[in-house]
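**Q** Please model the complete structure; the sequences and the hints are all you need to start from.
There are 2 protein chains.
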Amino acid sequence: MDVRYINPFLSGAMEVLNTMGGVSLQPGKPYIKKNAKAMGDVSGIIGISGEAVGSLSVSFTFGLIKAVMKNMLGDDITQVDDDVRDAVGEITNMISGSARRVLSDEGLSLKAGIPSIVDGKDHTIKHLVSNPTLVIPFDSPDGKVVVEVCMDS
Amino acid sequence: MDVRYINPFLSGAMEVLNTMGGVSLQPGKPYIKKNAKAMGDVSGIIGISGEAVGSLSVSFTFGLIKAVMKNMLGDDITQVDDDVRDAVGEITNMISGSARRVLSDEGLSLKAGIPSIVDGKDHTIKHLVSNPTLVIPFDSPDGKVVVEVCMDS
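So the sequences go chain by chain: C and R. Position 114 of the first sequence, counting from 1, maps to 114 under full-length UniProt numbering, and the rest follow consecutively. Position 12 of the second sequence, counting from 1, maps to 12 under full-length UniProt numbering, and the rest follow consecutively.
A hint or two may mislead.
Given that identical chains are not distinguished, each listed pair holds provided it fits within a single copy or across any two copies.
Unchecked claim - DSSO-like, lysine-lysine: derived pairs with alpha carbons at most 30 Å apart: (1) LYS144 to LYS111; (2) LYS34 to LYS70; (3) LYS33 to LYS111; (4) LYS144 to LYS37; (5) LYS121 to LYS34; (6) LYS144 to LYS29; (7) LYS121 to LYS144; (8) LYS111 to LYS29; (9) LYS121 to LYS33; (10) LYS70 to LYS144; (11) LYS70 to LYS29; (12) LYS34 to LYS111.
Just so you know, the hints here were simulated from the structure itself, not pulled from any lab data.
**A** Written out as structure tokens, the structure is:
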């Protein structure tokens, strides 16, 4: 995957989760995904189409999404319920939108589909593309979030 | 969701899993999804775009995907590994392709994205659309598969 694609997703995730979720993320070093090991407890997945085809996923540990729900809505959640799923879907939409705006300015026009939200302790996600999947990990005092992007041109 | 959409996905799933997977499915009564309860152990999810926007998921119990892997590839699987994920992704692609061909003949032109494959015991999937999600359950001697379709026009 073109390395130009990394930054818009990295900064999109930090901006959206800071503005909307009230959490300050510390980005780790992006890497190429080698296996489908578990990345989180609740994930949003959105398809990307247009001048490239691929998908974006955003996987939260329970601790981090709990903090986000508290900051966004004042909710003290004890489990992943429908409100949490909707919030994860909207956050995924917003990260995708933020990154696509930047990439569009750089000449790459992309569309996004509708997010699907997956919940299940230690679930894994694999994206069926021929190009490698890029993993952007983030840490915070409340927990982790991992953004995965893959695109075939 | 338009009921015309049901049959192409129902017959697509039966045809693909019979031809490719060597399993004979018994379709149950389709219903509107009320909650995000667990539907399977490994799922393929694919975004749909074009004249409608939505997503399709295909969720297998372990017993059924084990039978499919045995029939397709002669593999005796003991867990969900990368070969299983790839097979689930390809099956999801083929069901989507089969349904889209039928819908295209009926005047509804749809594109599909790239499948993502989720694995995790009893995971749930929610599709973030305003229209209801339609669930098409299938049974077989080896296990169950559930096809979920949602589309906003």
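**Q** If a hint holds in the structure, say so; if it does not, say that too.
**A** Hint check:
Taking the shortest Cα distances, LYS144 and LYS111 sit within 30 Å of each other inside one copy (27 Å), while across copies they are farther apart (34 Å). For a Cα distance limit of 30 Å, the shortest separation of LYS34 from LYS70 across copies, 26 Å, qualifies, whereas the shortest one inside one copy, 34 Å, does not. Proximity of LYS33 and LYS111 under a CA criterion of 30 Å is satisfied in both settings, with 24 Å inside one chain copy and 27 Å between copies. Within a single copy, LYS144 and LYS37 get their C-alpha atoms as close as 15 Å, and across copies as close as 25 Å, so both meet the 30 Å cut-off.
In this homomeric assembly, LYS121 and LYS34 come within 30 Å of each other (Cα to Cα) both inside a single copy, at 20 Å, and across copies, at 21 Å. Taking identical chains as interchangeable, the C-alpha atoms of LYS144 and LYS29 lie at most 30 Å apart only when both belong to the same chain, with a minimum of 13 Å there against 40 Å between chains. Proximity of LYS121 to LYS144 under the C-alpha cut-off of 30 Å is found in both arrangements, the shortest distances being 14 Å within a copy and 21 Å between copies. Only within a single protomer do LYS111 and LYS29 lie at most 30 Å apart by alpha-carbon distance; the minimum there is 27 Å, versus 34 Å between protomers.
Proximity of LYS121 and LYS33 under a CA criterion of 30 Å is satisfied in both settings, with 20 Å inside one chain copy and 22 Å between copies. Taking the shortest Cα distances, LYS70 and LYS144 sit within 30 Å of each other inside one copy (16 Å), while across copies they are farther apart (38 Å). Taking the shortest Cα distances, LYS70 and LYS29 sit within 30 Å of each other inside one copy (28 Å), while across copies they are farther apart (40 Å). Taking CA atoms no more than 30 Å apart as the test, LYS34 paired with LYS111 passes in both settings, with 27 Å inside one copy and 29 Å between copies.
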